[in-house]
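Starting from the known structure of chain A, arrange chains B, C and D on it as the hints suggest.
As a plain string of letters, each chain reads:
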Amino acid sequence: MSDEQAAAPATPTPAAAPSPPPPPAPDPAEVAFREEVARALGTAAAADTAAGVPAWRVEAGGLLGAARRLRDAGFDYLLFMTAVDHPADGRLELVYLFSRFSGSRHGALLADVPREAAEVDSLSGVWAAADWHERETYDMFGIRFRNHPFLRRILLDEDWPGHPLRKDYVDTLHDVVKRPY
Amino acid sequence: MELTRATAAGQPGTFAAPGYEDYFVNMGPQHPSTHGVLRLVLKLAGETVLGLTPVLGYVHRGIEKMGEAMSVLQFTHLTDRLDYLSAHINNWGWALAVEEALGIEVPERAQHIRVIMAELTRLASHQLWWGVLGMDLGAFTPFLYGFRDRERIIDIFEKTCGARLTMNYVRPGGVTADVEEDFAKDVGAFLGYFAPFIDEYERLLGDNVIFQERMHGVGVLTPELARSLGCTGPVLRASGVDYDVRRARPYGLYPRLAFTVPLASAGDSWARYQVRIEEMRQSLAIIRQALDAMPAGPVRAKLPAVLNVPKGRWLSRVETARGELAFLLVGDGSAKPWRVKVRSPNFSNLAALPEIIKGCRVADVVAVLSTLDVVIPCIDR
Amino acid sequence: MGLIGRTATAVKGLIGGMGITLGHYVRFSEVITQQYPENRETLRMAPRFRGKVRLLRDPESGAYRCTACSLCVKACPNNSLAVKREKDPETNKFKLAGYYYHFERCTLCGLCVDTCKFSALAMGNEFENAAFERGVLTLRLDTPDGAPQPAPEAP
Amino acid sequence: MDNWIWRTEKIPPAVTAWLTGLLGNPLLVDLAKMAVVAALLAGFVSALALALVWIERKVAAHVQQRLGPMRVGPHGLLQTLADGLKLMSKENITPLEADRFIFHLAPLLCFAATFVAMAFIPFAPAIQAVNFNVGLVFVLGIGSVGVLGIFAAGWASNNKWSLLGAMRAGAQIISYELSATLALISVIVFAGSLDFREIVASQAAGWWIWRAPVVGFVAFVIYGIASIAECNRTPFDLVEGESELTAGFHTEYASIRFAMFFLAEFVNIFLVCSISATVFLGGYMPLHIGNLEGFNRLADLIPPWGWFFAKTSALVLVFMWVRWTFPRLRVDQLMNFEWKFLLPLSLTTLAVASVLATAGWFFFPG
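Residue numbers (my numbering), protein chains in the order written: chain A, 1 to 181; chain B, 1 to 381; chain C, 1 to 155; chain D, 1 to 366.
So that you can see chain A by itself, here it is in the shape it has in the complex:
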């Protein structure tokens, strides 16, 4: 571990963080895609404003319905399903990345669940790919999925303490070297 320097020598202070890229002029195909998904999802979903992947936020309970509507609208390809931990606002954000085998556009279906004892419907009925991805999300975040065919840990041992990808996870087994940034 590098020792704590008293005062950093006169290295140039890092340049100001690059200003976020100017929002690209919305090309028609992108807009058309967003409308198509919005129409498919109906009123239950609200478009998310974050930069990057076009995303729609849904109630945790409405996930199964939204997934079925997407599936019928032709989105037959679930890239993956995972969760993002936001301990500050006390929520776990489920992210379902859907796309089409025929088209090139992808979108994200978001749902917020409480950080403790979260329980959501399993989408393995809609997309079989969700089966293993949900097992991994359970393994890493501790979110349970109702009527999932075989909900077990997929990567870690059955008796592994805790769920590693949560931000507040403390690894008791290995002395994880905390980086001195």
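There may be inaccurate statements among the hints.
Said to hold, decoys possible - Quick list of the computed label-pair ranges, beta carbon to beta carbon:
no., chain 1, residue 1, chain 2, residue 2, range
1, B, K185, C, P155, 44 to 50 Å
2, B, S334, C, P144, 37 to 43 Å
3, B, P196, D, L96, 52 to 58 Å
Claimed, not checked - From the structure, some residues in chain A lie toward chain B, with a derived Cβ separation under 7 Å:
no., residue
4, V84
5, A129
6, L155
7, L156
Hints listed in this document are in silico derivations from the structure and should not be mistaken for laboratory results. Glycine included, every Cβ here is placed at the ideal spot set by N, Cα and C.
For chains B, C and D alone, kept in the frame of chain A given last:
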């Protein structure tokens, strides 16, 4: 994991006569042909496989957790350790995610180098796949021929990037360093050398009647199951679904390159074999085009000292030799990503194995696993 | 085509395969493997091969180029570098007092050499890095004679 | 076969005379002869096995464009010896719940079967340990004892993979013995006798492979395929399919017991090839072409056991060549190939052969 009949088989009910005790055999985690540390719990009735349950996680290193503790530039070297047979393409995928997030423009020459390196990696990966497929079916010689040709590519990588397997060469903003001066000569020599050898591969294994018998009709993957499971890559294209990220969502130089995406429809091991052999020929054509049109110029874009990932969610999708690799990069404005999710192609392809292997023989498990061409570290991350 | 036709093509395929192996068997001088320990002297790695990191000296003054700015320490993903510095009384600037290298943690990714502004670091060509005990792998690189010494006291 | 140079028939009487001179009592002389022959045979076969292992590794190496063993001795000649010593120095492990007696018996069964069968092979006119008038049947019978060894090994090592290997071995070897025996019989029908010497004598006018019009060659090919299956070699090596059963029936064996299985396999190859050479290619008969006296005289210069080894090693090389080219069959394909293709073919060959033999429609009926 306490192995009960339910947990192992995953499917309730037994096939054989009443009072017949299910016969479980562990193929792995230490087994000559599981391509890494993968344990398959086979439920057998004699030689016939009734059920198969993969047990994963033996090579889990927590790459996604490490991604949250490292800067964007440092995580690149971890992506080589995902699918160790397509290091360049993994690096490229991560570089695309970061470039999209930070809005970095990559110089033209770097785009050319990236395509050539990616296609060379795909070739090297398919050569290794072909050799190991031969060995899994009992013929040892193809393994040596596959590695003999792969060594030529690895030498090119060693000369250019300095490493043989963990390249860490393609970086956000371009590539680490310009190629060697005799890079064009070496790659040109390789293209000329390897073209006839694909035919030799065909003659040695493809035309062999024993090989054909072992491949035809074994492990049939229907297009519906493949779509639903999210299988991608040669496994999906062998079942007739025409989906290749290089065509569906072009990136880098691919829009300007002329190449066809090989397709088959049977969905069995023979179709997967044919698709990959044809892909090797296509890769040769792509490298030739990219090499001839390579311009001079810088190979790295000017990057700020600290790469802060702005707030938001970014996704990059690339086509590795095994399927679609996607990186989800969630930023919160600091130098370290808030969440990194790696979508592994092998994870979904392996999910198809328990369904397509029912009723096959023990020897077919090895054959089908070899044509699915899964790499275990990419599954376990 | 009938049984005869299928058998004929089958035999032709088998003979074709055997032709290839016979072809290689007959040309037994074409050998693709290297006899590793025997060819140790003639074996050369590529100039860019990323082996063990080493400090570079300034050709004129013979001193190490490293100015202990510890940019490389920040750049290393695996915490395998450590720099000790002390204030030089006269010039009142910081001087390198110890450059430690935990080789057992290094993944030879080359990021340190890449970020060093004073080109004071380079990666050697050694690929035989095995050791019998861990102590030998914690090195101090800025030794007078240039050969890395095991340094158990490294931070 | 008045081989005017190599008087091998004189050797046995010379030895007997020398021993009677030494020991006097005829009972002792017979015992001494048996001891000498047994020692010679055991020594020869072990050296042969070591040589075959080395040849196999060199053939594999050059087929795969590498050098093969090069370190122990010039061109790795002593490599197999080194392996043997290494195996002997290894610990002799017996798995915990293994069926101890059968576990120890299995390698002996395999090894003894091939060694006993080697006693009947005619290397030269008089150089043959034992000569039965039903030599061929006896050798085939002893050959099938090897299956018991494999079965016992698979069952006794208390390992699921070994059991799978043993089940496959049982099914495979028993089925392929059928077409092997039928192929041999379709030539015995021509030769008229089961004694190896008579078989070779009957080929004085010409080898059975071409002398019996088409039947000879077809029988030769069938016997070749069936004998590859009998030695459990690719494309039929399901018994110890490395990529499936890790090492099949001899997974749990270590040190000297593993060496026994290993050597038994190679001696088995030599045994099967020598039977094929004796029955189809005229054993120790030099190659005579009609009335080309000059050529025949030249051919006689090579000793009979020279001819025997030339033919047998040619066949062994073909075995090895096949092994390093073909992938492995699946169990059900193996069975289908034998029962639905090879057996009908060998039955028709036998029928045609017997018709040809009785009607005398073959070259030089004499």
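Against the structure, the hints:
1. At about 47 Å, the CB distance of K185 of chain B to P155 of chain C agrees with the hint of 44 to 50 Å.
2. Distance hint for S334 of chain B and P144 of chain C: a CB-CB separation of about 42 Å, consistent with the stated range 37 to 43 Å.
3. The hint said 52 to 58 Å for the Cβ distance between P196 of chain B and L96 of chain D, and at roughly 54 Å that hint holds.
4. Because the closest C-beta pair between V84 of chain A and chain B is about 5 Å apart, less than 7 Å, the hint holds.
5. For A129 of chain A, the suggested interface contact is upheld, since its CB lies about 3 Å from the closest CB of chain B, less than 7 Å.
6. Checking L155 of chain A against chain B: minimum C-beta separation of about 4 Å stays under 7 Å; hint holds.
7. For L156 of chain A, the interface hint holds, since its Cβ comes within 7 Å of a Cβ in chain B; the closest pair sits about 6 Å apart.
Hint compliance for this structure: every hint is met.
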